[in-house]
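*Asks:* Use the sequences and the hints to build the structure in full.
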Amino acid sequence: MEGEAVAQAAEPAGPAERIGVFLLDDHEVVRRGLRDLLDAEPDLCVVGEAANAREAIARAPAVRPRVAVLDVRLGSSDDGGDHEGIEVCRELRARLPRLACLMLTSFDDDEALFDAIMAGAAGYVLKQINGSALVSAVRTVAGGRSLLDPGTTARVMARLRGPRPSGPVELDRLSPREREILELIGQGLTNRQIAERLFLAEKTVKNRISAILSKLGVGRRVQAAVIAERIRDRRTGE
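Numbered per this note's numbering, the sequence shown finishes at 238, counting up by one with no gaps.
Simulated from the structure, these hints should not be mistaken for laboratory data. Note that the structure is a prediction, hence the values are computed from the model and not measured. Mixed in with the good hints, there may be bad ones.
[As the list claims (entries may be wrong)] Beta-carbon label-pair distances, calculated as ranges:
#1 98 <-> 204: 48 to 54 Å
#2 43 <-> 192: 31 to 37 Å
#3 128 <-> 58: 29 to 35 Å
Ideal Cβ placement from N, Cα and C applies to all residues, glycine included.
*Replies:* Right under this line is the structure:
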């Protein structure tokens with residue numbers, strides 16, 4: 001018995017826990033390349049992948065990754081794929097608050113960058129990045145650090161502090177229910193969360209948000225969120 005105890009104590013410790021990474025990209029070749037790159041690292045491990053937003057939202061919570069590498073654009077803008085990866089970021093962050101999302105894109109697009117930051121992304125890199133730099137980026141966001149340089153942050157803050165919308169005129173056009181939804185958009189809630197909070201169908205919320213954007217004279221959800229934030233600031237300052 002004593003010898004067995006010594007033998008058990010002498011067993012080497014197991015490998016350190018690897019950082020789980022989830023991949024979302026609509027190109028199989030890109031996903032395969034990312035998987036091979038990340039799995040080759042001793043501290044990283046791809047735990048799941050998806051080719052579209054629906055698959056990502058269904059699969060990622062089940063494997064509970066530490067980092068999600070998300071393609072910003074899924075499909076084409078004609079079929080609604082433009083910036084869809086950012087909506088996935090917002091949805092997954094709502095379900096997995098500790099998840100770090102690293103947005104991956106082929107385009108240096110200020111609109112997408114702004115939307116990604118507002119959705120809670122921890123980093124934003126171009127697909128032209130080399131392999132070692134991408135591995136470093138995954139480790140950076142996994143460690144709880146941001147991969148946004150000061151210049152990028154300054155651009156986003158400038159957008160937030162930009163010209164104030166006329167506000168009251170547009171808000172007068174919103175129904176009480178639409179104002180309620182606008183406030184929840186400003187809190188960063190997803191369509192699903194808004195639907196659950198207000199006991200509405202998710203499709204109804206989507207249609208209501210389209211109407212809100214039209215009445216406010218803006219084209220993007222994030223712009224409505226900024227308006228909601230400014231309204232909340234005005235109320236706080238009164």
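*Asks:* Among the hints numbered above, which are violated by the structure, and what are their numbers in rising order?
*Replies:* Hint 1 alone not satisfied by this model.
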